[in-house]
Structures are given as C-alpha cells and as structure tokens.
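Here is what each chain is made of, one letter per residue.
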Amino acid sequence: MADNVTPRVRVPKSASAGEVISIKTLISHIMESGQRKDGDGNLIPRSIINRFTCDFNGQNVIDVTLEPAISTNPYFEFEAVIPETGELKFTWYDDDGSVYEDAKQVTVG
Amino acid sequence: MKLSRRDALALGFGGIAASLLPMPLWAEATDEAIAAFTGGAAIGTAGVTLTAPEIAENGNTVPVSVSAPGATAIMLLATGNPTPAVATFNFGPAAGSQNAATRIRLAKTQKVTAIAKMADGSFVQASSEVKVTIGGCGG
Chain A
514 MADNVTPRVR VPKSASAGEV ISIKTLISHI MESGQRKDGD GNLIPRSIIN
564 RFTCDFNGQN VIDVTLEPAI STNPYFEFEA VIPETGELKF TWYDDDGSVY
614 EDAKQVTVG
Chain P
187 MKLSRRDALA LGFGGIAASL LPMPLWAEAT DEAIAAFTGG AAIGTAGVTL
237 TAPEIAENGN TVPVSVSAPG ATAIMLLATG NPTPAVATFN FGPAAGSQNA
287 ATRIRLAKTQ KVTAIAKMAD GSFVQASSEV KVTIGGCGG
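Just so you know, the protein sequences line up as chains A and P, in that order. With my numbering applied, the first sequence corresponds to residues 514 to 622, in that order. With my numbering applied, the second sequence corresponds to residues 187 to 325, in that order.
If you are wondering where the hints come from, they were derived from the structure by calculation, not from laboratory data. Note that the structure is a prediction, hence the values are computed from the model and not measured. Some hints here could point you the wrong way.
To be verified - Examples of chain A residues toward chain P, derived with CB under 8 Å: (1) P581; (2) I583; (3) P587; (4) E590; (5) F591; (6) A593.
As the list claims (entries may be wrong) - Here are the computed lysine-lysine pairs in the DSS-like style, where the Cα-Cα straight-line distance is at most 27 Å: (7) K294/P x K550/A; (8) K602/A x K617/A; (9) K602/A x K526/A; (10) K317/P x K617/A; (11) K317/P x K294/P; (12) K617/A x K526/A; (13) K550/A x K617/A; (14) K617/A x K537/A; (15) K526/A x K317/P.
All C-beta atoms in this analysis are idealised placements derived from N, C-alpha and C, irrespective of residue type, glycine included.
With the rest of the complex left out, here is chain P (with noise of 0.2 Å):
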C-alpha cells in the first residue's frame, strides 16, 4: 500500500485525536472519585501532608506516605492510572497518629492527591507530581 501525503496527515491527526481522548475520560474518574468521597463539599488546603518521591524509576512500587493529624479518613488517588483510586485509609479509635505509608502503583507520570476527611466533617487535600520512567499497570 502506497501512502499519500493526505492519508499520512489523516493518520497522524487521528493518532493525536486518539492520545488526547482519555485525558478528559480520567480527569472525569478522578471528579468522581473525589466527589464520592467528599459528596461535593467545598476542599481546604492546609492540614494534610503527602510524601512522596519527586521521580520513581519504577511505577510498580512507588513508596508514599500520608498524615492528616486529626482526620478520620484519607483518600489516597493517582490522578493518571486507568482508575484513580489508590486506597482510603480509615482510622479507628485505638490509632496511634493519622499517618499510614504503602506501596503504590503508577502507569505514567502524574500527580498524586490525598483527601482527608476531618473529624469536624471537613475536607482537606494536597497534590504532589511523581515522575516515572517505568510504567506500573502492565501493558
């Protein structure tokens, strides 16, 4: 098959048209997600720390940490994996302090966000950009 300039351009519009069109799919999960969590309630800033590695050379194992002194709950997402939900830690009575560390996946690089729930019914949250050289979710 021979390729004319104009089948070449078609193809190379319709392969940007296709490597644009899940951004908006995921950018949609992950409002979802969040407002699942938070029911639509309005998310302050301050009170919530989030650890994690400027740059991690393998998505597979992406060691982060979280701590929201006072909350009852952190939602933890990754913003660019096919789904954003990473985990939702729950704090129960007899926990020591509301920090929790784990291992996560991460498919490319992207930003990482963790929404604590206080105790007085409030939503907190902070972001922080995780680069990845090696994609964790397979192929």
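This is chain A alone, in the form it adopts within the complex (with noise of 0.2 Å):
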C-alpha cells in the first residue's frame, strides 16, 4: 500500500523578516484513485493522501483537502510569510492513518 513514502521539501535557509517565501513540497505516494481496476476485473481500493498541512511556528500557511484527483506523488507549491526564525512543519495525512512528517528550519538574518 502506502510503502516507501518519502516527502520530499524545498524550502529557502534564510529569510529577512518578513519576506514571503516560495515551498515546494512532494510526496511519492502511490494515491491509488479506487477507480482502477486489477487484472481480475476487481476495483483496487482507495489509498491516497487526504489532508496535507504547513505549519510556521504553529501557525497554519495552508490546509488542502485532497481527494482522489490528485495525481501520483502529490506535488504543491506555495508561499508562507516568514516574520521571524522558526520552524515549517510539514505534514500528510494517510488514509490509512499514517502520518507523515516533515521539518525545515528557516532563519532570519
């Protein structure tokens, strides 16, 4: 199912305050629709990523809800603000339950 799933995130090391910063972020997932057939004829099941979350500082930059559309190794691209030193966390939410997570410090100076 949900194997070797690695995330994946480019983030810039510093920043001057308050300076918006662009992240790239991908995943490799298999994000199985659950429309798919196998050989058989039977319907593969669903096993994606459904939620996806950056946080600087705890405070949120963006929360997407992810649905089956979304292609293979989900892929996005975003800003966040940055006012100060601190911390971008990463994370992914399974359907399986698993958590996936991800840090990268920024500094400003």
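Bring the two chains, given one by one in their own frames, into a single complex with the hints.
Structural data, given as structure tokens:
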C-alpha cells in the first residue's frame, strides 16, 4: 500500500524578516484512486493522502484537502510569510491512518 | 447469432443512450460539490485566476495553479471526472499569498473550475477547458 513514502520539501534556509518565500513539497505516494481495476476486474481499493498541512511556528500556512484526482506523488507549491526565525512543519495524513512529517528551519538574519 | 437490421438499430440507440446517461449525473455531482462549498451563494467571476494547460498529453499529471488574492479558501473541480472534487486549499494566517500549484488527474477533455471563497464571504470562480489526449483515471 503506502510503501516507501518519502516526503521532500524545498525551502530557502534563510529569509529577511517579513519576506514571502516559495515552498515546494513532493511526497512519493501511489495515490490509488479507487477507480482502477486489477487484471481480474476487481476494483483496487482507494489509498490516498487525504490531507496536507503546513505550519510556521504553530501558525497555519496552508491546509489542503486532497481527493483521488490528485496525481501520484502529490506535489504542492505555495508561499509563506516569514516574520521571524522558526520552523516550518509539514504534515501529510494517509487514508490508512499513517502520518508523515517533515520540518525545515528558516533563519531570519 | 444473426444480427437483423432492427437489432442493430436497437443496439445503436442503446449505446447512444448509455453514453448520454452519465453526463447529467456528473453535472449533478459537480453542482452538489459547488453547493456544499458555497452554501448556495451567488458566484461572481472576477478575482480568481486558474492556470491550466490548453492541451494535456497525459491526463495523469496535469499541472494547474490557482491564485485569488484575498481568498480564504479555493476549491478545484474537474467537471468531467467520475468524482468532480479535486482539492480544497485553505489559507492560514501565515500564508504569503493565496497562490497554490499542484498536479491533478483528468479522465478526459473537460472544464476545470476553481471557486474561491473571499474573506468577506463572497465567492468567485474561473474555468479553463483542458484537452486531454490520454485519460488519467485508469479503466
């Protein structure tokens, strides 16, 4: 099912105070839509990541609800405003209850 | 089995009816998804930008991006997919802008719609027609 799930995040290491930075995230996941059939004509059960969130120092940046129509290896690109040094926390929620996390430090200076 | 002219006609019409049938069903599902998001409010047209390719060779990964300055949430819909909902972006207080880009699956050539919920509670939408060469929902 959800094997080899590896989150990858690209964030600048430093920013000036109040700067808007661009964030790119990718997580390897099959995102089985629940529409496909296997060789015997049986429906392959749905197995997707249904929610993705990004927070900066506990403040929410983006909260995405994912549906089966999101491609394999869900990719997101968005922007966050960085007022001070802190940590960006990324969380992905799987249908099977697994939670995948990643964090990146951004220094203001 | 020998196919008479009458049988052939019946089969033909049956096929046409079957191919027409899913369309209203899908349109209904789209309307339902929109109503669930907007609560039946009127939808304007200015203030949201949807960027999608005109032709997508592979329906499995179609890059799309949405932008709606001042929005609190943006919902993406693929009106021709078996389930029209694609994703909903909710922007928090630390969001640098109300922009987001992702990659989506499209089953066939269809209209992709983005509906943004603005901070004042109003709704705006934008649509873009995407031609899909190879559908992306499996068989």
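Check: What are the numbers of the hints that this structure violates, sorted from low to high?
Finding: Failing hints, ascending: 10, 13 and 15.
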